[in-house]
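Number of protein chains: 2
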Amino acid sequence: MNLNIGTILKTHIHPVPLEKSYRLLNHGPTVLVSAQDQTHTGVMTAAWACALEFNPAKVTVVLDKSTKTREIIENSGYFALQVPTLKQLKLVYALGMMSQRDAPEKLRQCGVELFQFNHSDIPVVEGCAAWLLCKLIPEPHNQQAHDLFIGEVIAAYADDRVFRNGHWYYHEVEDEWKSLHHVAGGHFYTIGNPVSVDETPD
Amino acid sequence: MNLNIGTILKTHIHPVPLEKSYRLLNHGPTVLVSAQDQTHTGVMTAAWACALEFNPAKVTVVLDKSTKTREIIENSGYFALQVPTLKQLKLVYALGMMSQRDAPEKLRQCGVELFQFNHSDIPVVEGCAAWLLCKLIPEPHNQQAHDLFIGEVIAAYADDRVFRNGHWYYHEVEDEWKSLHHVAGGHFYTIGNPVSVDETPD
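One line per chain: the protein sequences are A and B, in this order.
Letter 29 of the first sequence, counting from 1, is numbered 29 in the UniProt record's numbering, and no numbers are missing.
Letter 149 of the second sequence, counting from 1, is numbered 149 in the UniProt record's numbering, and no numbers are missing.
This is chain A alone, in the form it adopts within the complex:
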């Protein structure tokens, strides 16, 4: 199946069943958070995103009060988390360092390219490995006291070159596809090698 997204035919992007969408975040990657309200579009980097529930699929993400993207999410009630790749390292760093409050032209300056899935107006970032479209579950206490936002995953997609049949294939693709795991400043680790436990009983 091909998804005709906007005017671009994205041959490799396929839906991920919602009950499998936690696997897109389970390995702890640094993510990009995107959203738009009636006047603004925001994209920022977040290292503190996590799966919260399998079914209905939910996620958490920590969004500092200083960020414009947080304000946009509070206005619109929707956001996307997406899993960027090593190829996007500079973009991920720039989207995390620069604030749209100081630099209204942040998105243009960072060179981020956005698209939308057909059924949704949440802007998402081109070239990522996976996308989770989320509806904010408003929790004023968590948002105010902890900067913690909870979202229900309403749709999920992945690039089948690196995620298919519910599994990542990082070990079968070029390094440029690997997820990023933030350390501090401009320093990240990429995801490494697969290891498995023999699940048959002794």
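Please keep in mind that the hints were generated in silico from the structure rather than gathered at the bench.
Each hint should be verified, as a subset may be incorrect.
Copies of the same chain look alike in the list, so a pair counts if it works inside one copy or between any two.
[Claimed, not checked] Straight-line Cα separation of at most 30 Å, DSS-like style, residue types lysine-lysine; simulated pairs:
1) K10 - K65
2) K65 - K135
3) K20 - K87
4) K65 - K90
5) K135 - K90
6) K135 - K10
7) K90 - K68
Starting from the known structure of chain A, arrange chain B on it as the hints suggest.
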């Protein structure tokens, strides 16, 4: 400085400043969660743990209602998160698959070895790369509705062979030290290679 922990001299374990403790989790590793109340000691694996705040340092961890460790944490108000290593792969898998409710001898069967830091009675797991001792911040709504537990980090430690001066050195040590990032079932990825953005402006 050496820490005399119980009867064992742990030459390589050093405190991590609380405001740097988020870095122990920032790369998204699967963790072990441990706790004890007046009658029980629990240890389980959790892939859904995340930093929540820099200062005062806080963390989140998702603990299913079926787990004994959750009950112990609700009783005692304290828990530890620790970052296990590839060397502990079988242990990490077993502590995640087996429930103390079905197998009261889980900890012995898994072969987990525990110790305590001098100032604390929270049991922690031998051989990990880092430990975060946490005081539960009771949030009944989050715990009941989302299985989400928030802790304030009251002390943090790391093995200086793999984490020192506020940074991981996964790239300088044997693979057996690498963090584990759970995929599903017995399948994990290890953390990979360091990558950096040149932080000097163009």
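Homo-oligomer pair classification [K90, K135; C-alpha up to 30 Å]: Within one copy, since 28 Å is at most 30 Å while 37 Å is not.
30 Å Cα threshold - placement of K135 relative to K65: Cα proximity of K65 and K135: in one copy and across copies (19 Å, 25 Å).
K135 and K10: within-copy, between-copy, both or neither at 30 Å Cα: within (24 Å within a copy, 47 Å between copies)
Copy assignment of K10 with K65, given that the CA separation must stay at most 30 Å: The answer is neither: 35 Å in one copy and 41 Å across copies each exceed 30 Å.
Within, between, both or neither: K65, K90 at alpha-carbon 30 Å: within (24 Å within a copy, 41 Å between copies)
Alpha-carbon proximity between K90 and K68, which holds within one copy, between copies, both or neither at 30 Å: Classified as within; 20 Å inside a copy, 43 Å across copies.
K20 and K87: within-copy, between-copy, both or neither at 30 Å Cα: both (25 Å within a copy, 28 Å between copies)
Violated hints amount to a single one, hint 1; each of the other numbered hints is respected by the structure.
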